[in-house]
Each structure stands twice: as structure tokens, then as C-alpha cells.
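K.L.:
All chains should be modelled from the sequences, with the hints used to inform the complete structure.
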Amino acid sequence: AGGGPKVGGDPVGSPTRPRPKRPEVLITTAATGEGVPELLAALDRHRTAIAAGPTDSARLARADALVWAIVAERLRERLRAPDQSDATRGTLAAVADHRLDPYAAADALLAVLGSDSVSPARD
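FYI, the numbering for the sequence shown is 1190 to 1312, going by the numbering used here.
Honestly, the hints are just simulated from the structure, not real lab data.
As the structure is a computational prediction, the values presented were derived from the model and not from experiment.
Among the hints, erroneous ones may be present.
Pairs of lysine to aspartate or glutamate, DMTMM-like flavour, derived with a Cα cap of 25 angstroms [as the list claims (entries may be wrong)]: (1) LYS1210 <-> ASP1253; (2) LYS1210 <-> ASP1233; (3) LYS1210 <-> GLU1262; (4) LYS1210 <-> GLU1227.
P.N.:
The structure is reproduced here in C-alpha cells:
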């Protein structure tokens, strides 16, 4: 078993995360006023961007990160539950002892949960 295909570190099919914003670096000189018009223009651009709100891709990236974090936490909770903890500990021990690779272990742990799934919300 192995992990799913990846492109640039992101699993194929996952929304592309927007690139982090890079801060604008401006040089100003208070004594001469040099760079002040550029600073004011940059502040105007920033205020306009803030007023426009986040882009669809930024909202989708936040939703993607939030949902996957919740999924991961709920999976951990279920796998640590008393009825699953022995299987979980055994699988982790097999990885620690190099008897099982981490991808196969993840598949095995997901298989342990099997029919313990929840239907997705419908509109």
C-alpha cells in the first residue's frame, strides 16, 4: 500500500492553496518625504483588498484546512476509543518495529473503522 498521488506536496484533487501573501517592502525617508507617495498608494491598495474580503480560493483553502483538521481529529478520537485502542496500539507498534510501513498502517487503521462512517451532509 502507498499514499495517494501527490503534485507539489498536495494530494491530487485537493484545492490549490493560494500562495501566501508577500509583504510589500517600501523604503521611506521622513526627513525628505522620499517614498511617502508609494507608501500611501500601498496603504490604499491594502485597504481596498481588505474591503473586498477574501477571495473564493482563499475561502475554499480555509474551509479545506478546517474540514481536514476536523476529520483528522475525529479519526484519532475514534481510533483511540476503548473498542479500537488495542488495534491502534498494535498497528503503531508494528510501524515502530518496522514490520509495517506507515501507509499500510494508515490503510489498516481506516479499515478498522470500516462501517463506522457517517453520511455526508446534503443540501
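K.L.:
All hints, please: hold or fail.
P.N.:
The hints, checked one at a time:
1. LYS1210 <-> ASP1253: Roughly 18 angstroms between the alpha carbons, so the hint for LYS1210 and ASP1253 holds.
2. LYS1210 <-> ASP1233: 16 angstroms, holds
3. LYS1210 <-> GLU1262: Roughly 28 angstroms between the alpha carbons, so the hint for LYS1210 and GLU1262 is violated.
4. LYS1210 <-> GLU1227: 19 angstroms, holds
When each numbered hint is compared with the structure, a violation occurs for hint 3 only.
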